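K.L.:
In order, the protein sequences belong to chains B and V. Whatever position you read off the first sequence (first residue = 1), add 21 for this note's numbering. The second sequence: position 13 = -4 (this note's numbering), numbered continuously.
These are calculated hints, taken from the structure and not from any lab test. Heads up, some of the hints might be wrong.
Estimated spans, in silico, between C-beta atoms of each pair [what the hints assert, rightly or not]: (1) Arg86(V) / Trp71(B): 41 to 49 Å; (2) Leu99(V) / Tyr61(B): 31 to 39 Å; (3) Arg83(B) / Arg128(V): 23 to 31 Å; (4) Thr93(B) / Asp7(V): 38 to 46 Å; (5) Ala124(V) / Arg65(B): 25 to 33 Å; (6) Asn95(B) / Ser167(V): 28 to 36 Å; (7) Gly99(B) / Lys(-10)(V): 34 to 42 Å; (8) Ser120(V) / Thr93(B): 53 to 61 Å; (9) Tyr61(B) / Val3(V): 56 to 64 Å; (10) Asn95(B) / Lys(-10)(V): 51 to 59 Å; (11) Ala124(V) / Lys55(B): 26 to 34 Å.
Computed, partial: chain B to chain V, Cβ under 7 Å [to be verified]: (12) Trp29; (13) Gly31; (14) Phe38; (15) Thr52; (16) Asp60; (17) Gly81; (18) Arg83; (19) Gln84.
Model, not experiment: these values are computed from the prediction. Cβ coordinates follow ideal geometry from the N, Cα and C atoms, glycine included.
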Amino acid sequence: MMLLPCPWCGPRNVTEFAYRGENIARPDPNTADKATWRDYLYYRSNRAGWEREGWFHRAGCRQFFSIERNRTTNETRGVGTPDGAGDAAHSGDSR
Amino acid sequence: MSEPDKKPLARSPIAPALPVRVVDGWEVSAARSAAPLTLTDVTPLAKVSVKASARGPAETTIGVRFGRARRIDAGDLVVGSGPGEWLVIGGIGSAPAMTEHWRATTAGAGELVTVLDLTHGRAMLRLTGAHAADALSTICAIDLRDSVTPDGTAFRSSMAALVTDVVRDDVGGVRSYLLHCERSSGQYLFDAVLQAGAAFGVEVCGLTT
Ligand SMILES: [Zn+2]
Chain B
22 MMLLPCPWCG
32 PRNVTEFAYR
42 GENIARPDPN
52 TADKATWRDY
62 LYYRSNRAGW
72 EREGWFHRAG
82 CRQFFSIERN
92 RTTNETRGVG
102 TPDGAGDAAH
112 SGDSR
Chain V
-16 MSEPDKKPLA
-6 RSPIAPALPV
4 RVVDGWEVSA
14 ARSAAPLTLT
24 DVTPLAKVSV
34 KASARGPAET
44 TIGVRFGRAR
54 RIDAGDLVVG
64 SGPGEWLVIG
74 GIGSAPAMTE
84 HWRATTAGAG
94 ELVTVLDLTH
104 GRAMLRLTGA
114 HAADALSTIC
124 AIDLRDSVTP
134 DGTAFRSSMA
144 ALVTDVVRDD
154 VGGVRSYLLH
164 CERSSGQYLF
174 DAVLQAGAAF
184 GVEVCGLTT
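Based on the sequences and whatever the hints tell you, model everything.
P.N.:
Below, the structure written as structure tokens:
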């Protein structure tokens, strides 16, 4: 079992969460060309090691948050605060 | 031919243990049990949802934070079931008055607050007894010891793989949990808790008012 620390609820079984994927800044839809938009929608870095990701606590507080997870070891660090302070990529779109 | 009495009769999604009786327009089980661990279908209790922003001004007005439950003067239980999300539990038939009360109370909170009667859309159980935590521990991963989740604790988690609002609400010093879920999952949760409590001698007890 993998535990994920929710900023609101504390450590919970990862099965309580929905994975939103690595945090990617959303390009401006008015100025982005097709290639940029396609990259935003479909391309992921998929690095081994630390990545900042978005998660949704669907079976708990039903809040979105960001966290750093090591994709090799599943260690976590740097969970966003409940109000998202200091985490610019937190609320909008963490796809 | 005279029209028979056509007062609407409300039913819980959970099949009542026989015999049944009618209380304030709800069909409830009249079964009684003095077992040390009892499971009661308390779905007829009024359930009102209050929603606002997380850590917004409404929280100050309502006075109960996420993760806690507190009984207010009227006897209603105000549960901080999520960030900016409350569930108020009251007596059978009191939902219209409660809805009115919380709309009025939060009207001046300075933000949009949504108050909604969920009574007929949800199911609720009460598991009471010294071994209630031991039984629930077999279907829920949360630490139910007093040091972590004392009386007055509220949380939402997975119970028998079902998203469930859990409120520790002891009755007369005896450990007791309210379990709240979607109406369509009520019978499933009831059966799962009965199964979990079997090793501790759980019995079904009808709702007493
Ligand atoms: Zn959470």
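K.L.:
Would you mind marking each hint as holding or not holding in the structure?
P.N.:
To see whether the hints hold, each was checked on the structure:
no.: 1; hint: Arg86(V) / Trp71(B): 41 to 49 Å; verdict: 47 Å, holds
no.: 2; hint: Leu99(V) / Tyr61(B): 31 to 39 Å; verdict: 36 Å, holds
no.: 3; hint: Arg83(B) / Arg128(V): 23 to 31 Å; verdict: 26 Å, holds
no.: 4; hint: Thr93(B) / Asp7(V): 38 to 46 Å; verdict: 59 Å, violated
no.: 5; hint: Ala124(V) / Arg65(B): 25 to 33 Å; verdict: 30 Å, holds
no.: 6; hint: Asn95(B) / Ser167(V): 28 to 36 Å; verdict: 34 Å, holds
no.: 7; hint: Gly99(B) / Lys(-10)(V): 34 to 42 Å; verdict: 59 Å, violated
no.: 8; hint: Ser120(V) / Thr93(B): 53 to 61 Å; verdict: 33 Å, violated
no.: 9; hint: Tyr61(B) / Val3(V): 56 to 64 Å; verdict: 58 Å, holds
no.: 10; hint: Asn95(B) / Lys(-10)(V): 51 to 59 Å; verdict: 57 Å, holds
no.: 11; hint: Ala124(V) / Lys55(B): 26 to 34 Å; verdict: 45 Å, violated
no.: 12; hint: Trp29; verdict: 6 Å, holds
no.: 13; hint: Gly31; verdict: 9 Å, violated
no.: 14; hint: Phe38; verdict: 11 Å, violated
no.: 15; hint: Thr52; verdict: 31 Å, violated
no.: 16; hint: Asp60; verdict: 32 Å, violated
no.: 17; hint: Gly81; verdict: 5 Å, holds
no.: 18; hint: Arg83; verdict: 6 Å, holds
no.: 19; hint: Gln84; verdict: 6 Å, holds
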